[in-house]
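**Q** The task is simple: from the sequences and hints, build the whole structure.
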Amino acid sequence: LARTEGIVLRYLASAYKALEHTIPDDVKSEDLQDLISWLGEMVRQVDSSLLDEWEQLANPEVETAEQAQEKADEVKPVTANARAFRVLVRNAMFRRVELAALDRVRDLGELDGDSGWDEDAWGEALDAYWDAHE
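Each residue of the sequence shown is one higher than the one before, counting from 470 in this note's numbering.
Just so you know, these hints were derived from the structure itself, not from any lab.
A hint or two may mislead.
Here are the simulated lysine-lysine pairs, BS3-like style, with alpha carbons at most 30 Å apart [to be verified]:
1. Lys486 x Lys545
2. Lys486 x Lys497
3. Lys497 x Lys545
**A** What follows is the structure, encoded as structure tokens:
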């Protein structure tokens with residue numbers, strides 16, 4: 470499984486690199502820029518070493534070992550990239566809207582059970598919503 474995850478991660482990182490470096494900025498639509506930011510942030514959150522290696526190849530300025538270690542130790546929060554964070558939140562919220570529209574409270578509870586929104590809480594909230602809007 471770890472090998473497969475590594476292959477998928479390399480594929481996603483390659484897709485990010487291709488999108489970021491081969492499409493001119495002036496032809497990137499807002500949606501494409503969102504996709505590129507989201508993909509880059511997702512790869513960075515899982516394993517930033519691949520992107521760091523490519524950045525080093527693209528910008529071969531000599532970096533001391535100490536600077537490289539500091540950069541490797543630095544963990545950026547997901548909120549550091551506002552565009553990617555906005556896309557992540559929008560996707561997560563849209564998933565909940567889809568599940569709510571289908572009245573799939575079990576799936577909603579699995580997504581949010583750790584935060585107190587279990588199946589029962591979602592069921593009550595959606596029952597009240599449907600009562601008010603049907």
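**Q** Now look at each hint and say whether the structure bears it out.
**A** Right, here's what the structure says about each hint:
1. A distance of roughly 19 Å separates the Cα atoms of lysine 486 and lysine 545; the hinted pair therefore holds under the 30 Å criterion.
2. With a C-alpha separation of about 14 Å, the suggested pair lysine 486 and lysine 497 falls inside the 30 Å cut-off, and the hint holds.
3. With a CA separation close to 25 Å, the supplied pair lysine 497 and lysine 545 stays within the 30 Å bound.
When each numbered hint is compared with the structure, no violation occurs for any of them.
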